[in-house]
Amino acid sequence: MSQHTSKNKILIGIIALAVIARLTVSTSPAIAVIGHAFPHASATQVESVATIGDLAAAISALIFGKLLDHWTFKRLAIISVTILAVGGLSPLIWHTSITNLLIAGFMAGLGAGGITTILPSLQSYIYSGESLANMLGRVVALENGSSMVLLFLGGLLASQYWLHNYYLFFLALISLVIVIWALPRTHPGQEEDNVTQLQPAVMSKQTIISIIAYLITASLMVFLEAVLYNKNAIYIQHFHLGSPALSGQIIMLDGAAAIVVGVTLKWIRRFFKQYLLAACFAANTIGGILLLVWHNTWSIGLATFIIGGASATMLTTVPYILSTLATAKRYPLVMGFFSAITSLGFSSSALVFNNVVPIFSKHILQGTYQLQIIIALVMTIILLLTANRSQLKKVLIK
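Using the working numbering, read the sequence shown as starting at 3 and increasing by one per residue.
Just so you know, the hints here were simulated from the structure itself, not pulled from any lab data. Take the hints with a grain of salt, since some may be wrong.
[To be verified] DSSO-like cross-link-like pairs, simulated, lysine-lysine; straight-line CA separation at most 30 Å: (1) Lys9 <-> Lys331; (2) Lys275 <-> Lys207; (3) Lys76 <-> Lys9; (4) Lys268 <-> Lys9; (5) Lys68 <-> Lys331; (6) Lys331 <-> Lys11; (7) Lys275 <-> Lys331.
Whenever a hint applies, use it, and build me the whole structure from the sequences.
Printed below as a string of structure tokens:
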């Protein structure tokens with residue numbers, strides 16, 4: 003098989019994984035009706051049905067990031083997709099309590115964590131430099147575009163009966179077949195001629211500190227984006243804006259924004275330059291203000307698009323920056339940490355907001371948006387003040 007054919011085959015595998023990478027969020031449009039189905043469950047338990055998978059992903063991402071040093075892409079992808087499918091489909095036969103759904107979501111998240119860790123390593127295996135940066139953007143666009151469709155379908159299915167939402171996990175079985183055929187029996191440690199090693203063998207202390215800073219920054223962005231998935235359905239219900247189907251349609255705008263970012267990132271990067279990450283949090287601040295002060299379909303739709311675009315920009319840019327900082331051998335492990343800490347940010351969002359907000363506000367919904375705005379604004383200021391002293395200028399301006 004020629005190198006070109008092999009590369010295209012791997013690309014098909016990447017697409018198959020990207021389509022199901024965010025499959026676990028497809029349950030978010032059903033949150034409100036799941037709450038009605040289990041009236042004795044707490045608000046945090048119900049909201050965690052859509053986010054507990056990211057807690058599991060935080061665990062599995064670290065494990066898979068390390069296993070990539072020794073196991074092949076094919077083996078790890080097969081394991082990940084199988085776990086995702088089994089976890090996602092199990093509620094169809096096991097759904098007598100909210101605990102059943104939480105366990106199933108946790109298991110599905112273990113598989114999703116493996117997938118999100120494998121994907122950037124696969125891309126860096128066949129691309130490098132500007133080609134890698136562009137491919138990372140396209141794959142993030144594909145992930146979010148797919149989740150946009152899945153969320154729409156999830157909203158429609160949830161309108162019929164909340165359990166029907168889990169039929170979407172049959173898609174993982176289709177991806178499993180493609181993965182078995184397409185992915186290589188190699189791992190990142192087996193370098194090919196088309197992979198260029200530009201980094202030193204050992205990362206410096208300053209480089210490690212920079213990597214940690216970018217990981218925390220990305221995690222905070224996802225932590226704030228999770229508010230959309232935790233609160234949109236409740237927002238729509240609270241202000242009597244529509245059915246669960248509307249929640250699915252609105253959250254599609256998060257994916258739509260990612261698609262726009264994926265195809266325009268090169269110009270976005272050139273426009274904002276070293277202030278790009280600060281601009282992401284500034285956009286999140288604007289989205290939070292819209293949700294706090296303007297209560298209609300237009301406001302939640304616009305806020306979802308703005309916050310989704312900011313998050314997609316962050317989650318596309320940071321992996322590229324990390325690829326320029328980490329050595330090729332350590333990049334899979336670094337991306338394991340990236341997947342873990344962003345998953346932890348997403349999964350902990352509901353728990354943190356629901357426990358912190360009551361300290362200063364009697365209104366959990368409005369208080370959530372107030373805290374979101376404060377966090378985003380503080381991060382905007384920090385990133386603006388440190389932009390000229392960071393490595394963003396030389397990394398992002400191409």
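Against the structure, the hints:
With a CA separation close to 20 Å, the supplied pair lysine 9 and lysine 331 stays within the 30 Å bound. Under the criterion of a C-alpha separation no larger than 30 Å, the hint pairing lysine 275 with lysine 207 is consistent with the structure, at around 25 Å. Of the pairs offered as hints, the one joining lysine 76 and lysine 9 holds, with about 14 Å between alpha carbons and a cut-off of 30 Å not exceeded. The suggested pairing of lysine 268 with lysine 9 holds, with an alpha-carbon distance near 23 Å, which does not exceed 30 Å.
Under the criterion of a C-alpha separation no larger than 30 Å, the hint pairing lysine 68 with lysine 331 is consistent with the structure, at around 11 Å. The straight-line distance between the Cα atoms of lysine 331 and lysine 11 is roughly 23 Å, inside the 30 Å bound, and the hint therefore holds. Between lysine 275 and lysine 331 the CA atoms are separated by roughly 28 Å; this keeps the pair inside 30 Å, and the hint holds.
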